[in-house]
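Could you slot chain C onto chain G? The hints should help.
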Amino acid sequence: MKTDTIAAIATAMSPSGIGIVRISGPESLEVIDKIYVSRKKDKKLSQCKTHTIHYGYIYDGEEMVDEVMVLIMKGPNSYTREDTIEIDCHGGVYVMKKILETVLKYGARPAEPGEFTKRAFLNGRIDLSQAESVIDVINSKNKYALSSSLSQLKGSIKDDIVKIREKLIHEIAFIESALDDPEHYSLDDYPEQLKTIVDGVLDNINRLLGSVDNGRILKEGVSTVIVGKPNAGKSSLLNTLVGEDRAIVTDVAGTTRDVLEEQINLDGITLNIIDTAGIRETDDVVEKIGVDKAKKYLQKADLVIYVIDSSTKLDDNDFEIIEDLKDQRAIILLNKSDLETETTVDVVKKYIDKPIISISAKHKEGITEIEDTIKDMFFKGDISFNDEIFITNARHKNALADSKESLELVLRSIADGMPEDFFSIDLMNAYESLGNIIGESVEDDLVNEIFSKFCMGK
Amino acid sequence: MPAIEENFDVCVVGAGHAGCEAALACARLGLETIIFTVSVDSIALMPCNPNVGGSSKGHLVREIDALGGEMGKNIDKTFIQSKMLNKSKGPAVHSLRAQADKAAYSMEMRKTLQNTEHLTIKQAEVSEIVTDDDNNITGVKTVTGALYNCKAAVLCTGTYLRARCLTGELVTHTGPNGLQAANHLTESLINHGIEMYRYKTGTPARVDKKSLDFSKMQEQFGDEKIVPFSFTTNPEDVQIDQESCWLTYTNEETHKIIRGNLDRSPMYSGVIEGTGPRYCPSIEDKVVKFADKKRHQIFIEPEGLNTTEMYVGGMSSSMPEDVQLAMYRTVPGMENVKIVRNAYAIEYDCINANQLYASLEFKKIHGLFSGGQFNGSSGYEEAACQGLVAGINAAMKIKEREPLILDRSEAYTGVLIDDLVTKESHEPYRMMTSRAEYRLLLRQDNADLRLSKKGHEIGLISDERYQWVCEKERLIKEEIERVNEVRIGANKEVQAFLEENNSIPLNTGVTLAELIRRPELDYDKLAVLDKNRPDLPEEVREQVNINIKYEGYITRQIKQVKHFKKLEKKKLPQNFDYSEIGSLRIESVQKLNKLQPLSIGQASRISGVSPADISVILVYLEQLKYTNPDLFYQLNGNEEEK
Chain G
0 MKTDTIAAIA TAMSPSGIGI VRISGPESLE VIDKIYVSRK KDKKLSQCKT HTIHYGYIYD
60 GEEMVDEVMV LIMKGPNSYT REDTIEIDCH GGVYVMKKIL ETVLKYGARP AEPGEFTKRA
120 FLNGRIDLSQ AESVIDVINS KNKYALSSSL SQLKGSIKDD IVKIREKLIH EIAFIESALD
180 DPEHYSLDDY PEQLKTIVDG VLDNINRLLG SVDNGRILKE GVSTVIVGKP NAGKSSLLNT
240 LVGEDRAIVT DVAGTTRDVL EEQINLDGIT LNIIDTAGIR ETDDVVEKIG VDKAKKYLQK
300 ADLVIYVIDS STKLDDNDFE IIEDLKDQRA IILLNKSDLE TETTVDVVKK YIDKPIISIS
360 AKHKEGITEI EDTIKDMFFK GDISFNDEIF ITNARHKNAL ADSKESLELV LRSIADGMPE
420 DFFSIDLMNA YESLGNIIGE SVEDDLVNEI FSKFCMGK
Chain C
0 MPAIEENFDV CVVGAGHAGC EAALACARLG LETIIFTVSV DSIALMPCNP NVGGSSKGHL
60 VREIDALGGE MGKNIDKTFI QSKMLNKSKG PAVHSLRAQA DKAAYSMEMR KTLQNTEHLT
120 IKQAEVSEIV TDDDNNITGV KTVTGALYNC KAAVLCTGTY LRARCLTGEL VTHTGPNGLQ
180 AANHLTESLI NHGIEMYRYK TGTPARVDKK SLDFSKMQEQ FGDEKIVPFS FTTNPEDVQI
240 DQESCWLTYT NEETHKIIRG NLDRSPMYSG VIEGTGPRYC PSIEDKVVKF ADKKRHQIFI
300 EPEGLNTTEM YVGGMSSSMP EDVQLAMYRT VPGMENVKIV RNAYAIEYDC INANQLYASL
360 EFKKIHGLFS GGQFNGSSGY EEAACQGLVA GINAAMKIKE REPLILDRSE AYTGVLIDDL
420 VTKESHEPYR MMTSRAEYRL LLRQDNADLR LSKKGHEIGL ISDERYQWVC EKERLIKEEI
480 ERVNEVRIGA NKEVQAFLEE NNSIPLNTGV TLAELIRRPE LDYDKLAVLD KNRPDLPEEV
540 REQVNINIKY EGYITRQIKQ VKHFKKLEKK KLPQNFDYSE IGSLRIESVQ KLNKLQPLSI
600 GQASRISGVS PADISVILVY LEQLKYTNPD LFYQLNGNEE EK
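Line by line, the protein sequences are chains G and C.
In this text, residue positions in the first sequence follow numbering that gives the first Met the number 0: the first is 0, and each later residue adds one.
In this text, residue positions in the second sequence follow numbering that gives the first Met the number 0: the first is 0, and each later residue adds one.
Looking at chain G on its own, in the form it has when it is part of the complex (with noise of 0.2 Å):
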C-alpha cells in the first residue's frame, strides 16, 4: 500500500524558467532524503530547520536528475499544515516530469485534482467561503479524470489491460475455489503453472511500463480540430496561431499522425490541433475520404473550432457542421472580418448556443480573444488543463509499477514456496492497481468470476 504523501507539478506544464514540483504529507521529509544530495554531500534536509531554502541535486539512485533549490516548511506551517517540500527546478517539461517521476519513485503517490487544497481545507487551513469551491473542484476535476483518463488511453493499451484483468481474476477464482472447496478442485502443481501465467503477465506490464516512458499511453494535450468549408480559412487561422511569437512544443515521440497537426502552447494549455479538410458534399472519391475523416476527428475532439467565412452566406453545408457540434465543446470563428459581412453574429447565435467571435486570420485580427475563450473554458473546467493529463499518466505509471510489484511478491512467494492462498492476495492487489488505471472497481467481480466460472457448493 502506497504511502498517504502525495506530489506534482505545481506549476504549469510549458516550457518556462522555473519549475515547482511539491510534495506534501507524513513522510515528504523522508522522500527528499532519499534524493536530495547537497553540494558537499553532507546535508540531510529532514535534519534541517523549517523554512529554510538549499541548494542542491536531485537524484535517482546514481542517475542525477537536475539541479534544485529545495525549500521545506514543515507542518503545521505550510499551506496543507502538513510537512511540504518544493522543488524549485529548471522549467523544462521534461525535468519537471522526471523530478516527479522521481519523488514518486521513493514513496509518495501522484496528488488527485484539488488534493493540495483538500488537505488544507480538511486541516483548518482554509475558511469557509473558500470550502464551497473545493467541493467545485473536486467534482468538476473528478468528473474530468475520470473520463478523459479513459478517452485518453490508446484503445490498443486499454484492452491490454482488460485481457491482463481477466487472466488475473481468472487464477484469484480458481485459487479461491479450491479454498473454498478443496475437497473439489486440487491446486497440486498450480504454482508451476502460476509462476508461467505472472512471467507471461510481468512481461506485458514491463512493455505497458515502457510505452508509458515514451508518452504513448496518453497524448498529451487537449486535442482540438479545425473545422469548416473549403476556403473559410482554416489553414490560414493554423498559421496564424502557431506563427505568433510562441514557443511550439515539440511533438510527443511515438505519435503517429495522419492529417496535419500542429501543437501550440496557450500559457501552460497544450493544443493538439489538427487542421481538417473543408467539409462539403461532394462526388470526389478522394476528397470524400477527407471530409468523412474530418466528421471523425469533430467527433473525437476535446475541442472543436469551426471557422466560418462571414462574407458569404450559410448553406446546408454549415447546417450539418452546426448540428454535429451541438453535443461539443466549440468555439465559433467568423473568419474574414475585413471584407463585406454576409453572415453576423446574430444570424449565427439563432441556430447554435456556443462562443462566437469575429476575426480576420489574414490580418491576425481578433487572435488574443481567441486564447482568452479558451483559457476560460479551461479555467472554468469544460475543457482539460494539460497537467492533469500528466497526472493522469503519473497515476498509470504509478498503477502499472505497483500491480508490477504485486506481481513480482507473488513469484517470490511461489519461490520461497509459500501456500497459495498468498498469492491470490498479491494478485488481488495487481488487479486492482490496474484496475485503477481503466477506472473499474473490484466491487463484487471476484465472487461473480467464482460463481461462473467455477461449479461450487454441494
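I should point out that these hints are in silico values taken from the structure, not numbers from a laboratory.
Each residue gets a CB set at the ideal place from its N, CA and C atoms; glycine is no exception.
Any given hint could be a false lead.
[Claimed, not checked] Here are the simulated distance ranges between beta carbons:
(1) Lys363(G) x Thr626(C): 50 to 56 Å
(2) Asp41(G) x Glu477(C): 40 to 46 Å
(3) Thr626(C) x Ala414(G): 52 to 58 Å
Only chain C this time, still in chain G's reference frame:
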C-alpha cells in the same frame, strides 16, 4: 384485552441456529427471554447438510465461541466425524468441519435451552409485531391472539415465512421438512414499512444406507487427531471413533436424464419466483451451467448414529419424484437406492438487510433486531453468528450500553454483517474466505485472541476464561521476542540438522526466527536447536510459529487495517438528508439517504458511491465546524471515545 398477556424483556422469534444463540445470549445476560418456535421438536434443526463448519464457516463457529455463543460447544458434543480442511495451505484458510449427528445436535441444544435460567420456550406462531407511536417495539402477538410484551425482539424466522416447498409439479405450503410454515408475520412487517425479498434454496434427497453399495465409492475418513471447535473443549474429550463419508460421481447418463426432464423442473418452468444462491446450485443448475463437465462430485454423508438416512451432498434438486429416483440410480453405488425423503426446493420471505444497522437493529423500528436467513444469508453458521450479535445487541439496548459492532478487520462475522447491511445482494449470502480482505489476521486459530475481550466485556465470557486468553497473549508476545533474539551459529550440529531437513546449510549465524521462516522448517521442528526454550502449551506454540513464519504478510495487512480504521472512525450523522450536500450525484444521494451509513468507511463500500462523492462528504463534514458546531463535535466526540 387479549386472552393471554405476559411480560418479558426479550422475545426471540424462531428457534433455529440464529434464534438459539440470540435467546441464550439474552438469558445468560440476565434478561427474561422467551423463544418462540412453530415446533419445539425442531429446535436447532439441521434441515439441510449434516455438518457444521467448512471453509470460512469454521471461522464463524470459532468466533461465535470466542464471543460466548453455543454452536461450537454443541457440535463438539455431537459430531461423528471431523476434518481440518486446507491443512496443506496457509493458516488463514485452515477450516474445521464436523459431521453432526443431527438428532443429537438438536437435542443437546434443546437441553441447553431448557437448562438456562431466565429462558422460556414456547411453541407458537408469531403473527404480529407491536410498536408504539414512536416506532419502539413493545411486544409480539401470536396467531392465537396472545400478547407478549417486551423491550426488545429478535426475528430469526429462517426459511419459514410464507414458505413453499417444490418437488417437480408438487407444491406444498410448508416449511423445511414438512414443518408448519409461518404465514402471517410477513404482512405485519410490510405494514410496518419493511421491504421484503423472496429467496429460494434447496436440499438433496436423504437415502437409505442399506440400499447403497459402498464398494463402488471412495471412503472419506475424518482426521486422525481431532481438533475441537470450542476453545473451552478439552481436546482429549473429542478423540472419538468416527463415521465415514463416501465419494461418488454423476455421469453422462445422470445428465441425460436431467436434460430430458428440464421442462418438469419448477426452476426452469418458471414456477419458482425466488432468487437462489449461485454457490449452492441444484444438480439441474450444474448440468445446465457447466455443460462441459462430464461428472460432478457426490458426497454421501451420514445423518446421525441412530438413523440409516444418508445425505446426498451435491445433488440438491427440485425435480419430480420419479426423475429424482431415476437420476439418483445412475450414480455408481446408488443403482438400487431407496429414497427416504425427496429432494425439494424451498421459497421463503426474507428482508433486504440494508434496512438494518450493523448492530442488526432495524433502522425504522427501535428495539427490533433480526438475524439469520431472515436477513438474506444462508447456512447454519452464518445464521448463528448473526443471531448471537442480534441477541447481544438486544440485550445491550435494554441495558443502555454500546452495541457490539464488529468491523471487517476484527472478524468474519463483521465482514458478513457489513456486507449484508451495506451491499446490494440478490441471492442468499454465504460466507467465503475471499470476502474477508484481512483474512491473514482473521484466522480460526486466533479467534479467541481477537474476540474474547469483547465477549468478556459483554458478559458472556467468564473472568477465568478471559484471564487465560490474556495470559496466552503474554506468553505469545514474550516467546516471539525471545525467538527473534536467539542466535543460531553455523556449527556442526546445526548444519547436520538442516541437511536432515532438506534445508540449505548456513553461511553465517542467523536468528531462530529466520530459520522458522524457511518453508521446510517450523517452530516445533527447531526445538532441538533451541536450548533454552520454555515449555509452552501447543496453542501458544502455534501462534508463535504463524506470527513469525508469515510476519511480512501479516505486517502488510496490519498496515492496511490502520488505513481502513481511519475511515471507519469518521462518523456520519444519522437520519441525515444527503441532498443537503449540493454537489453529490443523485444516484449517490438516493443510496446514502436510504442506507444512512454510520461512517465514511461504510459509505465508501456502497456500490455506486464514488471516491469523488466521498471527498465531497469529507469536505462537508469539515464545514460543519462552522455551520453546525454541535453536530460536528457530536460526531468527532464519538470518534475520540472509540
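Hints, verified against the model:
Separated by about 51 Å at the C-beta atoms, Lys363(G) and Thr626(C) satisfy the suggested range of 50 to 56 Å. The hint said 40 to 46 Å for the Cβ distance between Asp41(G) and Glu477(C), and at roughly 43 Å that hint holds. At about 57 Å, the CB distance of Thr626(C) to Ala414(G) agrees with the hint of 52 to 58 Å.
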